[in-house]
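Enquirer: One letter stands for each residue in the lines below.
6 protein chains.
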Amino acid sequence: MNRDFFREVFSCFNEINDDKQSRVVVISGAGKTFSAGLDFNDMLDMIGHLTTTGPEAGDVATKAKFLRNMIILLQNSFNSIVKCSKPVIASVHGGCVGAGLDLIAATDIRYASNDAFFSLREVDIGMAADLGSLQRFPKIVGNDSLVREMAFTAKNISSAEAKQLGLISSVFSEPKEALEAALETAKKIAVQSPVAVQGTKIALNYSRNHSDRDGLEFMANWNMCMLQSDDLIQASTATATRSETPPKF
Amino acid sequence: MNRDFFREVFSCFNEINDDKQSRVVVISGAGKTFSAGLDFNDMLDMIGHLTTTGPEAGDVATKAKFLRNMIILLQNSFNSIVKCSKPVIASVHGGCVGAGLDLIAATDIRYASNDAFFSLREVDIGMAADLGSLQRFPKIVGNDSLVREMAFTAKNISSAEAKQLGLISSVFSEPKEALEAALETAKKIAVQSPVAVQGTKIALNYSRNHSDRDGLEFMANWNMCMLQSDDLIQASTATATRSETPPKF
Amino acid sequence: MNRDFFREVFSCFNEINDDKQSRVVVISGAGKTFSAGLDFNDMLDMIGHLTTTGPEAGDVATKAKFLRNMIILLQNSFNSIVKCSKPVIASVHGGCVGAGLDLIAATDIRYASNDAFFSLREVDIGMAADLGSLQRFPKIVGNDSLVREMAFTAKNISSAEAKQLGLISSVFSEPKEALEAALETAKKIAVQSPVAVQGTKIALNYSRNHSDRDGLEFMANWNMCMLQSDDLIQASTATATRSETPPKF
Amino acid sequence: MNRDFFREVFSCFNEINDDKQSRVVVISGAGKTFSAGLDFNDMLDMIGHLTTTGPEAGDVATKAKFLRNMIILLQNSFNSIVKCSKPVIASVHGGCVGAGLDLIAATDIRYASNDAFFSLREVDIGMAADLGSLQRFPKIVGNDSLVREMAFTAKNISSAEAKQLGLISSVFSEPKEALEAALETAKKIAVQSPVAVQGTKIALNYSRNHSDRDGLEFMANWNMCMLQSDDLIQASTATATRSETPPKF
Amino acid sequence: MNRDFFREVFSCFNEINDDKQSRVVVISGAGKTFSAGLDFNDMLDMIGHLTTTGPEAGDVATKAKFLRNMIILLQNSFNSIVKCSKPVIASVHGGCVGAGLDLIAATDIRYASNDAFFSLREVDIGMAADLGSLQRFPKIVGNDSLVREMAFTAKNISSAEAKQLGLISSVFSEPKEALEAALETAKKIAVQSPVAVQGTKIALNYSRNHSDRDGLEFMANWNMCMLQSDDLIQASTATATRSETPPKF
Amino acid sequence: MNRDFFREVFSCFNEINDDKQSRVVVISGAGKTFSAGLDFNDMLDMIGHLTTTGPEAGDVATKAKFLRNMIILLQNSFNSIVKCSKPVIASVHGGCVGAGLDLIAATDIRYASNDAFFSLREVDIGMAADLGSLQRFPKIVGNDSLVREMAFTAKNISSAEAKQLGLISSVFSEPKEALEAALETAKKIAVQSPVAVQGTKIALNYSRNHSDRDGLEFMANWNMCMLQSDDLIQASTATATRSETPPKF
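Protein chains in written order, with this note's numbering: chain V, 1464 to 1712; chain P, 1464 to 1712; chain X, 1464 to 1712; chain S, 1464 to 1712; chain G, 1464 to 1712; chain Z, 1464 to 1712.
Hint data in this document are derived by calculation from the structure and do not stem from the laboratory.
There's no promise every hint is true.
It does not matter which identical chain is used: a pair holds within one copy or between any two.
[What the hints assert, rightly or not] The calculated DSS-like cross-link candidates involving lysine-lysine, where the alpha carbons are at most 30 Å apart (straight line), are:
| hint | residue 1 | residue 2 |
| --- | --- | --- |
| 1 | LYS1495 | LYS1483 |
| 2 | LYS1483 | LYS1626 |
| 3 | LYS1626 | LYS1711 |
| 4 | LYS1483 | LYS1651 |
| 5 | LYS1602 | LYS1711 |
| 6 | LYS1618 | LYS1483 |
| 7 | LYS1711 | LYS1618 |
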C-alpha cells in the first residue's frame, strides 16, 4: 500500500457511497496474499521529505505538522469505508498484516480462508499503529487480552484463532470458497431494501460510539422518517399477505 | 407482539421494580417458539393511521411526530427491562426473531435450547431495527462481523453459533432443561443479598455506557452508602466466622 | 489482600512506570492459588473503624466520606496497573476470586493454567464489586450474559470457559507452563521498541473509553511526535534493507 | 412545593406535550412571591418515613433506596418541563429560591421584575441541591464564579445581577409588566410553525449535552425529515413571494 | 448565500489551512449588510428538485437522502472555518441573519459596529436552524434564555445586546472602525508564533467538546511535541534576556 | 512560579482536602501583583535538561516523554485545587498572567480589585497554554470570542472586562477590600454544613463535564446517602422551627 493506494480507496468509496446503483462491496486480494501492509519504499520516501535536505525539512514542529496531515490523510482513506453507507465485505486469504489489518477493521463483514493469518505488524517497525486497528478492535472483537498480545508482539494468528477472537465470522477451506461465500452474502444483501440496509449500517456505526440511550434516540429520529418509505410498505405488505414473489427494491 | 404486549411489558417491569418481594425474573415463551416478533396485523393497522383517511393523516412532519412517539413508546417498553433493578433471565426455545431478539437484548442473562434460532429479521420487512438490538449488540457480544451479517441479511443463526457469538451463555438440549436451568440460576440469585445484586446490575448497565473512570467513580459513590448496609455486615461476618448456616437477606 | 498489599501495588507500579530499565511486567501467585481476594480480617478491622467506638464513628455522612476515600484508594491501586505505560501480563493458576479478579481485569494480557478458576465473589459477602471488574469486563470480554451470571451468582468458571468468554488468551496444562509462556511473551515484548509498545498500550486504553474518531485523533497527535523517534528510523531501515541482525532498542 | 405539586407538574407537562392545541407555556406565581421552594412540613413528613417507627424504617441501604426513588421522582417532575417539546417561559417576581430556582433552570426563557431575587437556598438546610440547578446552571449562564458563590453561601442575588449572570434575558419594572412581556413573547412563538419551534427546542436541548459534531449530525437527521413538511413550503413561499399575509400554521 | 457560496467557503478555508503563508483571516461583508442569509431563489430551486417532476423525485426516503446530503454539504462548508487551524475574525455591520449567524458562530473572534443586528431567522421560514447556530451558541455565549428567545421568535438583537449575550467581544461606532480593529487584531495575531497560535485554536476547539480531563490530556500530548519547536526556544530566550527586538516567527 | 511552587500547591491542597478542620481556602498574592506566571529561569533550566549535554538528552521521543511527564506534573498541581473538596476563593490584585491565570481558572470563586489585569500570556513565549486556562475557560465564562482574542494576542484585560467576561464575580476598589470580601465570603461558607458545601462543589465539578442526565443521576446517588446525615436533620429542623440560634455544624 502506497500513497496512491490510499488516495484511490478514498475516492473509490466516496464514489460508491454516492452511486445509486451500488448496494454492497466485496474486497479481496488479487495476489498470493490479501495485503502485506504499507509499501516500505514509499514510506521511506515520505520520511525522506523530513530529512535536512528534504522538502519538509524544519524543526520538530514543522515535521510534526507534515506528519499529522499525512496520518490524517491515510486515516481518512479507511474512514471512507466506514462512512460509506453500503456494507463492505472483506474476503481474506494469505497474509493480512499491518495496514492490511487496519483496512479490514474498517469493513463490516470479514471472511477468511484456512491459510489466512493476521498480524498487527506495526510494532515491528518501531511504531504504534495509527490507521484504525487499535481504535476499532476494542469495539468489534471479544478478547482484549489476545488483541494486546498481538499488538505488543506483532505475532501472527491463524484464521481459526481470528474466528475465536471474534474478528472473522466464517472460515473457509480455500480462498476461492471464501470469496464465493462473500459474493453470495453480497447478493443476499443486494436484494434487501437499500433503505433498510443502509439505515442498519449507520445505526450500528453510531451505536458502538455512543450510549444505549443516544443510540435509541438516534434510531427513533431516523425511523420517524424512514418508516414513511415505500420500501417498508411494499415489504411489510408482501410479508403480511404471504406473497410468493419477493418484493423488489 | 402487538401494542398491548408492549404496554404490559412496561407496566409489568415497573411493578416488579417497585415490588419489595420480587428479586429476579425469568422470561420464557409458552408456545412452540419464543417469539415471532411483531404482530403484522397490528403493525399494518398502526400504519393505517397514517393513510390519507386515517386519524393521523397529514404531511410528512405530522406522520413523523406520530411515528417517533410510537417508536419511543415501544423502546421504553424494553428499556423497562434494562432499568428494572432486578436481574432478568431469558430462556429461549424455537424462533427468537425481530422484536423477540430486541427483547432478549434487554435482558441480563440468556439461555437457549438446541432447537433455538435467532434472527435480526427487520431488514426483511424493509426497515432498520429500532427497538434495541442494533444499539445493545455492539456492547454485549464479541463478533461485530457476525452481528452485521445477521443485520444485513436477516439470516438465522443456531444456538451454538449464538453461544460462540457471545449472545447466549449456555445451550441446553431441550427447552425444558433450558427453563429449569434458568429457574435454578434465578434461585441462586434470589438467596443473595438484594442490595448486592441490584447494585451489581446498576453498575454493569452504567459501565457499558461510560468510561472506566466514570464507572469507578459511580461505584465509589454507590458503595460509600451501600457498604453501610446490614447485608454486608451479616454476610461478611458469616464468611469471616465460616458460619455453616448461610446468611438470610 | 490487605491494605498493605494495595499500597505496595500502587507504589510498585508507579516505580516501574518511571524506571527506565523496565519494559514489561509479569504477575503470578506464589502459593497454591493466584489470589483469594480481600483479607477478611483486615476488612473487618477497617469496618470496625466505623462502629460507635471506632476512630471514624459518626453519622452516615461521616462514615460515607471515610468509605469513599478508602474505596478510591483501593481503586487507585489497581488503576496504577492500567496507567503504567509498560505491558502487564498475568499468569493465573488455582483460584482467582474477588479482588483477585479485579486485579487481572487491570492487566493487559491474561494466561491461565488448566486448574485455574475465576469468580466474581463480591456478591457472596453482600456487596457489589467496586474495584474494576464490573467496570472493565463489559469492555474486554465478549459475552455479557456470562459476565452477569458470574456477577449475580458468584459462581466459579473454569479456564476453558474463561477463554471462551474472552477473558484469557491462552490456557496451559500446568501452572509452570503458563508462567513460562508469560515470561516468553514478556521477552518478545521486551525486545520491541519501547516507544512503539508503550504508545500502543496508551492508545488501546484510550480507545476503549472513547469514540473511534477521538481515538484516531489521539493517535494522529501522538504519532506526529513519535514518528520522529530514532526507533522508527532504525526499525524501518532494518526492515527495508532486510537486515539480518534485528535492531536494538 | 409539596409532593402533590411535583406530581401535578409532571402530569401537566406530559399532557401539554401531547396536546395538539398547545404551543407554548407561561409560568408565573400567583402570590407575593414566585416560589419559596420546598414545603418544609411535607419534607419533614417525608423524612419521618425513615425514622425507626416510620413506614420506611430500616438500615442505611433501605433508606437510601427510598430516598433515591424520591429524588428521581422529583427530578422527573422538572425534567418533564425540559422534555416538553413546547417552549416554556417563566415570569419571576418576588423570591425564587431553592426548588423554585431548580424549576426555572428547567424552563426555556426567563423574565423577571425588579423586585425579584434568586437564591440557591439548599445549603442552608444542610444539603446539596439535587433537582437541576447545579446540573443546568453550568450550561445556561456565563459566570461560574458567581454560581458557586450563590451555591456555597445561599445568598440572594437581584434581578439585575441575575441578568448579568445570564440567568434572565430581560428585567421589567413591575411583576405585571414581566408577565405581560412573557405573554407577548408567547404569542410571537405561537404564530410560528410548531414544526420549526419544537425542532429548535429539541436541537438546543441536545446540543448542550453533546459535541458540536454530534449536534450537527442530529440536526441533519432531523431536518432530512422536517424539511419535507408543509410548514416549510408554505413559509418559504410566503417569504420568497413577499406575501403580505403571514402564513398560518 | 447560494450553493456556490458554500462551495467557495469550503475550498477557500481548506486552501488557507494548507497555505504556509497565511496566518489569520478577517471576514467582512462588502455591501450594506454583513449577510442576509440563504438565497431564497436558490433554496426554492433546490426544493424544486424534490417535486414530482424534479430530478430527485421519489418517496419520503429518497427525498430524505437527498436533503441529508445537502445539509451535510452546507454544514461542512462552515465546519471548514472551525477546522481551519488559523484564527478567523468576523467584522459585522448591518444585518447578520439566518445562515449569516451560523457563519459567524463558526468564527473565532466577533466584532460588530453599532448598526449591526443579529437574528436566528430560520424559524420564520418554517424550519429549525441546521448550520451551526443551535449547536455552537450553547457553548460560546453566556445567556441561554436569550438564545432561546432569539431562536423561537426570530427577533433581532442589537450589537449592544449581542455583547451582553457574549456573542461579540467589542462594539465599534462605525463599520469602518470595526473592520480596522479586526485588521489590527489580525496583525497582532500574525506576528505571534504560528505554532503557538494554531495549537491554541485546536486546544480551544477540543476543550469545548470534551471534559476538562480529556482537554488536559490532549494538551499534554500536543505540547510534548510542540515544546520542542524552535519558536518556543526563540521566544522564551527573547523574553528571558529581555531582548528589545521581538522574535520573528 | 517554579517547580517547587507547583509541588507545594499539590501537597498543600491534598493536605487541606484531608484535614478535618479546614472548610474553605482563600488565595491571594503577597507582593505587588497576584502572579507573574512561570519563573523563566526555572523554565530555561528545565529545557536545558533536553539539550545535547543535558541529563534528558536524546531523540524526539525521549524528550517528549520527559516533557509529557513534566506537563502532567504541573497540571496535577492545579488539578489538586479542583479536586480539593473544600471551596477555594482567589482574591486578585495587580497582574494575573500566564500560569497565574491557569491557577485561578482552577479555583471556585474569583474576586479582583480595580487595578487587576488578566492575560493569557503563553502565546508570547511561543507556546499554547497547557495548565488549564484553555480547558476550563470555555466552561466557566460567557464570551468565547473574548477568550480567543485573549488567547491569540496575549492582551491584558481589566477587572471590569473580566467581570463582563464572567471570569470574576465582584470587583473592589482596593486590593485590601477584595481580600476582605473574600475572607467574608469564606466565613459565610465556613458556617454552613460541610456535607452540603462539599457535596455542592463535587456536583458542580461533575456537571460541567457531563450531560444533564448524568449530572442528575450522580446527584441522586450522592444524596441517597447524604440526606441521611445529621447535618440535614439539624438544619432542616432549625429552619422548620424557625429557631433563632443557627445550627452548628
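Enquirer: Regarding LYS1483 and LYS1626, is the shortest C-alpha distance of 30 Å or less found within a copy, between copies, in both, or in neither?
Expert: Answer is neither: 34 Å inside a copy and 38 Å across each miss the 30 Å cutoff.
Enquirer: Are the CA atoms of LYS1483 and LYS1651 at most 30 Å apart within a copy, between copies, both, or neither?
Expert: Within one copy, since 18 Å is at most 30 Å while 44 Å is not.
Enquirer: When no copy is specified for LYS1711 and LYS1618, does a C-alpha distance of 30 Å or less occur within a copy, between copies, both, or neither?
Expert: Close across copies (18 Å), not inside one copy (47 Å); limit 30 Å.
Enquirer: Is it within a copy, between copies, both, or neither that the alpha carbon of LYS1602 lies no farther than 30 Å from that of LYS1711?
Expert: Classified as neither: same-chain Cα gap 34 Å, cross-chain 33 Å, threshold 30 Å.
Enquirer: Is it within a copy, between copies, both, or neither that the alpha carbon of LYS1618 lies no farther than 30 Å from that of LYS1483?
Expert: between (42 Å within a copy, 25 Å between copies)
Enquirer: Please work out whether the CA atoms of LYS1495 and LYS1483 approach to 30 Å or closer within one copy, between two copies, in both situations, or in neither?
Expert: neither (33 Å within a copy, 43 Å between copies)
Enquirer: Given a CA cutoff of 30 Å, do LYS1626 and LYS1711 count as a within-copy pair, a between-copy pair, both, or neither?
Expert: neither (34 Å within a copy, 34 Å between copies)
Figure legend: structure checked against the earlier numbered hints; hints not met, in rising order: 1, 2, 3 and 5.
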